[in-house]
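Same order as they appear, the protein sequences are chains S and B. Residues in the first sequence are numbered consecutively from -18, following my numbering. Residues in the second sequence are numbered consecutively from 5, following my numbering.
Check before you lean on any hint, since a few could be wrong.
Unchecked claim - What the simulated footprint calls covered on chain B by chain S, stretch by stretch (three residues with Cβ under 8 Å from a Cβ of chain S suffice, anywhere in the stretch; the number is not a length):
#	region
1	74 to 85
2	175 to 189
What the hints assert, rightly or not - Some chain S residues judged to face chain B by a derived CB distance under 7 Å, without partners named:
#	residue
3	Met28
4	Ala30
5	Phe34
Keep in mind the hints are simulated off the structure, nothing from the lab. All of these numbers come straight from a predicted model, not from anything done at the bench. Where a beta carbon is used, it is the ideal one built from N, C-alpha and C, also for glycine.
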Amino acid sequence: TMQRILPKFKLTYFNFPGRGEKVRIAFKMAGIEFEDERIEFSQWPEMKAKSPFAQVPLLTIDGMPPVAQSAAILRYVGRLGNLYPSDPEKALQVDEIVGLEEDFFQARSLPFFIGRNPRAYGHPADIPNQDIQAIQANLRSTLVAEDIPRFLGYFEAKLAQSERPAFIVGDTPTVADCALLASLRAVKTGTSPGVPPTLVDAHPRLAAYYARVMELPVIRAYYA
Amino acid sequence: HAAEHPPKFEGTESEKTAMPTYKLTYFNFAGAAEKLRIAFKVGGVEFEDERIEFSAWPELKPKTPYGQMPLLSIDGKAPVAQSGAILRYIGRIADLYPSDADKALEVDEVIGLDEDLMRSMGPSFTIARAPQALGHAADLPEEDRKALQVKLRAALAADEIPRFLGYFEAKLAKTGTGYFVGTKPTIADCVVLATLRALKSGWLDGIPTTLADSKPLLSAFYERMMAIPALKEYYAAK
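The following block holds chain B by itself, in its conformation from the complex (with noise of 0.2 Å):
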């Protein structure tokens, strides 16, 4: 049954002669960039994984179009901002984003379900660096910032990420193929793919790492995402 048994993906052969350079500048962890690399590394496309500590942050900030990471740059031109349009500029090169309009609102749906779902735990981040951004003290003390952020995380593994893993377990249900859009990784299977392994990977205080364990559907998916070979490799060495 093709569906118990998606074909296996290998990877894609990137034309080495036509590819220009890129250079992906991010910090030196996951975050919003780990999307980005994935789809680098699923679509054979070479690039530059630019890690800029904490620390040289302050001094490269100003001098970036709009004050936020990631950045990519073309062949060493000006860098381009915002990791939705890196993500679909990748898909469009790495033939991860389809080009039919059908197709590709499939794609962009999921991929803006998961932009929700990691925006939702934003306020969780905040509450403790910049309480005063969310209309509590400035000054608020660092144990009420906490207990604060242990509140909001409790409510994100009891109600919010369930519930998009939900959704993403019924799209998997839906299209059968064990990939989101059709029957090969899509930009949609990378965004996914980050979004579980920051899950998994207990960067969230507070935050189970085994709420995904109990989708079938998508831990299948995590497992044959993980067993690309670009991304096995990927992983391996870190």
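If we strip away everything but chain S, and leave its shape as in the complex, we get (with noise of 0.2 Å):
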């Protein structure tokens, strides 16, 4: 294979999986080179003044100014490592799948985003630390009993539509099941408290993909 010169790329994002995780999976599976810096929720109030739209994940190349959003630089990974197909109608199928996941991750994350920013959702600020836990909890019972057995239902049911699938879409892996790969993990390995880790294995075509992903040798090594 041709070696291409890219550029140095370097992700910024908190030192957790949350919606930097899909990139840093979609350049692990691109097998190309990047800086992760993971900054500390300390550092993030002077960073965040000086960042473009006040929020990471950034992908700065080259030393240029940073671009913002996690979905257009997994796409934008994605056309680089050849997990994005050009093809209107396969893109679409890849697209469908990298919405329903971000669907899925803002709906798991809601409790969280709502211990952080209590009166955005319409709370006092100053509420209580034990009546956020509280919000939480009941927040989390209905996530586990319903929103995320659906979610996790839709994924199953698009790796039913093939005899025998190989990713979420097609026969190559693509940025969809970066995307998905990340939502997985998230609930796997216990990242959302109160999520038991068991509800993927409740679907069977879902824990045989999430296995096949998490065997390819870059997915291996990265989480080793």
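Using the hints, build the complex out of the two chains.
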């Protein structure tokens, strides 16, 4: 294969999976080197003031002004790394899964976001910690009973469209797999408090898919 | 000066013989589908603009792949969901979405920022419709819901909306072409136009319709896009 001269990439995000993980996975799947800059929450206020849109993740390409938006960066890495079909109908299938995963991420992260910024959800800014925790526990039990199984069911149904699914869309890895893997890992590794890791196992194709993708050499090495 | 008088965009000729048939299904209002309708129009691609009444939705919902709309059906095939996916599909077939990775990154960044802005408005709807989803009492009285909604909308009008409009204004200043990426409309322009229309429409109770008026480049952008013949015709017919 021709060695492509690529720019230097730096991905900046917090030191947890969150929205950045699907991009880290994409870089690994694509075999593209990148600096995985992880910042502490204590560093964030100063960085936030200097960032273009008061958000991370950020992608810095060859030291130029950084670009924001995890899904934009994901697609960019996908384009460079052959993880994003250019055929419109194939890309449509990939984008549908990427969008669904974002909805899934939003749904299961809501209790966390309410805790971070209660005012944005109609709660008093000084709401006592135990009240927030009670709200979060309540919302999480609904997530576990309803929303998470519903989303996992969608991905299971997608896999069921193929007799022997290799990846979530088609026969080769795409950015849809990067996004889905990030979400499945969040559930499987207990990143969301109160969400049992076993929820994925109720969906046999999805559980098998997860095991298969985790066995890919670059992925296994990354999470070793 | 090219930046002050950008070339007028007249629309794209579609190759009608080769094109599949498209049906877009959504409710009978702007919402998440308007950017898609705009993209079809700007791209010169014919489509069936199917609008569902709220009363028809409960029966239709379980028949959809993910219980949501908008949906796109290509040549009568099984519908595809997710407005971001449909948007990019239209972009690819209508030459509104660059294939160059760096240009596409710019487009996707704008689309993502717009999504963040629209998402920030979400709780102010949910608080009225289903307060328990945000950790409030399910039986929260109507007047309490309304009071919380007013508070949330006031914060949006004071903080989030001006902040994001500022980002879009700065992006237009950086491009200098009158469009968000490059020298002609992309799906990024379609998305921001839909948002500006939503803000101007008074659809958001408690959000002044004039928030974008203080942004000169956004205001000029709005006029420029609305002057595209296909859009002018589409909105005149409403």
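Okay, the hints, checked on the actual structure:
1. 74 to 85: holds (count 4)
2. 175 to 189: Coverage by chain S is violated here, the residue count being 0 at a Cβ distance below 8 Å.
3. Met28: At about 17 Å, which exceeds the 7 Å cut-off, the nearest Cβ of chain B leaves the hint on Met28 of chain S violated.
4. Ala30: 13 Å, violated
5. Phe34: 6 Å, holds
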